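Protein chains: 4
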Amino acid sequence: MTSKCSAVVIGVGPQQGLGATLAAYFAAKGLHVFIAGRSPDKINAVAETIINSGNLATPVMADATLEDDVIHLFEVASLKQRRISIAAYNVDSNIPAPLLETGVESYEKLWRQNCLGAFLFGREAINSMKKFQQGTIIFTGATASLRARPPFTAFASTKAGLRALAQGMAREFGPLGIHVVHAILDGVLDGERARKQFPDFVKNKGQDGLMQLEAIAQTYWALHNQPASAWTHELDLRPYKEPF
Amino acid sequence: MTSKCSAVVIGVGPQQGLGATLAAYFAAKGLHVFIAGRSPDKINAVAETIINSGNLATPVMADATLEDDVIHLFEVASLKQRRISIAAYNVDSNIPAPLLETGVESYEKLWRQNCLGAFLFGREAINSMKKFQQGTIIFTGATASLRARPPFTAFASTKAGLRALAQGMAREFGPLGIHVVHAILDGVLDGERARKQFPDFVKNKGQDGLMQLEAIAQTYWALHNQPASAWTHELDLRPYKEPF
Amino acid sequence: MTSKCSAVVIGVGPQQGLGATLAAYFAAKGLHVFIAGRSPDKINAVAETIINSGNLATPVMADATLEDDVIHLFEVASLKQRRISIAAYNVDSNIPAPLLETGVESYEKLWRQNCLGAFLFGREAINSMKKFQQGTIIFTGATASLRARPPFTAFASTKAGLRALAQGMAREFGPLGIHVVHAILDGVLDGERARKQFPDFVKNKGQDGLMQLEAIAQTYWALHNQPASAWTHELDLRPYKEPF
Amino acid sequence: MTSKCSAVVIGVGPQQGLGATLAAYFAAKGLHVFIAGRSPDKINAVAETIINSGNLATPVMADATLEDDVIHLFEVASLKQRRISIAAYNVDSNIPAPLLETGVESYEKLWRQNCLGAFLFGREAINSMKKFQQGTIIFTGATASLRARPPFTAFASTKAGLRALAQGMAREFGPLGIHVVHAILDGVLDGERARKQFPDFVKNKGQDGLMQLEAIAQTYWALHNQPASAWTHELDLRPYKEPF
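First to last, the sequence lines map onto chains A, B, C and D.
When you read off a place in the first sequence, starting at 1, and then add 1210, the result is the number in my numbering.
When you read off a place in the second sequence, starting at 1, and then add 1210, the result is the number in my numbering.
When you read off a place in the third sequence, starting at 1, and then add 1210, the result is the number in my numbering.
When you read off a place in the fourth sequence, starting at 1, and then add 1210, the result is the number in my numbering.
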């Protein structure tokens, strides 16, 4: 089994995470999914699960913040004349801290993961997609993309920076056929992290009070399928009972 | 053939318009569509076309700005214990004018059609939907919803007012299971109006340079199908090459 | 004593209100202030206080929602070849209610006071100012101008509508020398209303936790004095400890 | 002559630049101004001019992107028990480029100058101001702070990041008495750079079509003088005839 079309998902960690869910969803739709992350164990496990369910996946070690890794990732995904249909940037780093206790290192790390990586990922996705004049690039934003509050000031600065990157890319490359989306996830993801770190919160919210990962994947897929005459650049996504 | 679920679309005019397209799309998905507008000829024609293609439709005379009409519309759509799945507010009135030449009558007319009607439509949709704790209400916005420019100042005032209505409704009724969406259409619709009024513009833009009505319907339907754990309240939609 | 320059303030009520404070501030700066409102007792009292302190004021009965009243107001303020330097729209009507309990009458009343009146006031101010190619028009906005929440959905709709009006006017008439400002007051005013209606809240907030009326007037005056090469169209104003 | 109060301006370059103008303006108001920049010739010249006009100024070599420099700057400005009244971040770096030609180095440089420097400057200003529970910090934003367009995508990303920093700081430290402002300059500054680089543009715009530096300083000073009960966090500033 082969596919002429591929998807690239970066920021893939645990099986119960958004990256893994997006990858499995895109693979189930017939795309060969390239699963990028920094932990070989994690990306291998995610790829294996997809392959075991009869779909196509390849793990690729990549640190989003390293230019060579990102270039290599898109080279691999483009091999055998594959077209990259979707590229999803799912890296997200948060280090909450009061401003006066925020160090340069911490702010720089956030910028590298939330902004620099997105810049590299977007740039190389576009470099791969431009000759086909098609492809969808989706950046995952957060509540903080639109408003900065303590103790998330440094984080918000980088998520706002990511939002602007996505907007500039959309304006520059939309007319060339590349669909760039910024999806603002305004809620807590129902993934491994939340379940481990605050199990009571998860229980109290109830199933639909958290963002189901598959539900997010469904909307990302719908965005990818929008005809070029009616593209969305930005949308919010939140649980029905999330206050906003 | 019957359906337990209905859709209500108000602001239905010509067959080649957004209202008619939304109605036909929802009907093709199995909903009984209630087609509301002020022109009996137009709503009858749209309903007939849907029925002839084997789907369910009922025309209902209704002026969105008249409370009794809107109440009646939702009563009719709720008959036979039907649940209203989707309600789409597609009324849109624009009267471009320099500010100093804008009269009270003109501004009031815009407010009645773009705001008061939306208020009544949303309120009555919610009144019908609340006992089932489900349903999607979609308001159609425009570029002017976010920015006011001459000669569209009065128009923009009412579209901004509509946007706020939708946002307040989403905050109040989301937690009760009603999904309220504000969709910002940022481009020219490829409908009868544009084709008649500026045929050269339409030709120059090319097919995907205008908003295809079916493409908009596809996204409205995807919004309706979002699981409650990941709802979108607001999104933009524009042709791939529309500058923004 | 006479002045070639006048100010118009509409929405003047109690002496301890924003309208009265703006009027007194502008009068103290040497402008002949025209004090407009619906209550003869109130506007007379405000005018008298200003005159007693040695400055110039004239009360003018005017309902902001009535076209003839607004036209008359600016005619009076322009008599004796006076130039209108500042016009401040300070009418603000709020009727909190859950959406399902909001009636057409109530929403329409809000629109008339927050939008239609502002439209008339702005249009007639511009009609008076345009031949001199100068003048400042300030519209007072609120937290709800930017976000709609229950039970303020209808109110927010009209404040968002006002904001768009101001923005469109600024874009159309800025290049003609008329400075249009939208000032978003994000806090509780330390006026007669708050002191009467929630005295405990006022006490707990402390003096600077409420918006001092004179402090607002100071900023409005600074906005009026901005050179044409660096005008502000929109700004927020809030007490230092107001959460936002 | 001495002053108990100081101002710190960083990003001071040519005499006909915004940094120098702010410094001279604050000095003329009686503050001892600390003039920070990377070029000893430039900051010395600016300080000398201020001193020659009878006011107080001290040049301090500082690169905003270096933590030690910024810490040292605020130490110097706080000597002799001086209170820092105003701190203005005026560093602004722009490197226009199509996205596909934007290198990591270039994006990182923009981030260091527009974001990291602002973070350090804000943090150290707050560290100096907090014991007095007073002080105004002003960050200079740009059109790109709100919208990203090619060829300014990387630049806009960092200006959006700066805006979020300022917002988070305002939310965290406003209640502690520190006034944080984000001023969006939406126009071309009438400074040495514009006059040299595009003299025809400057001529065509006319004097008030460019942002006069003194006009900006006037508004910064008015912001500093706002009473704590009515502070502005964000405002735009643009020439009267600038389209927006």
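Source of the hints: derived by calculation from the structure; they are not laboratory data.
There's no promise every hint is true.
It does not matter which identical chain is meant; a pair holds if it fits inside one copy or across any two.
Below, a list of computed lysine to any residue pairs in the SDA-like style, where the Cα atoms sit at most 20 Å apart [claimed, not checked]:
#, residue 1, residue 2
1, K1413, P1385
2, K1239, Q1428
3, K1341, D1418
4, K1340, D1418
5, K1319, N1254
6, K1340, F1408
7, K1319, G1240
Here the structure is a predicted model, which is why all the values come from computation and not from measurement.
Hint check results:
When the C-alpha separation of K1413 and P1385 is checked against a cutoff of 20 Å, the pair qualifies only between copies, where the shortest distance is 17 Å, while the shortest distance within a copy is 45 Å. For a Cα distance limit of 20 Å, the shortest separation of K1239 from Q1428 qualifies both inside one copy, at 11 Å, and across copies, at 18 Å. For the identical chains of this complex, K1341 and D1418 are inter-copy neighbours only, at 19 Å across copies versus 41 Å inside a copy, given an alpha-carbon limit of 20 Å. In this assembly of identical chains, the alpha carbons of K1340 and D1418 lie at most 20 Å apart only when taken from different copies (18 Å versus 38 Å within one copy).
Proximity of K1319 to N1254 under the C-alpha cut-off of 20 Å is found in neither arrangement, the shortest distances being 25 Å within a copy and 36 Å between copies. In this assembly of identical chains, the alpha carbons of K1340 and F1408 never lie at most 20 Å apart, being 43 Å within a copy and 32 Å across copies at closest. Neither within a single protomer nor between protomers do K1319 and G1240 lie at most 20 Å apart by alpha-carbon distance, with minima of 35 Å and 41 Å respectively.
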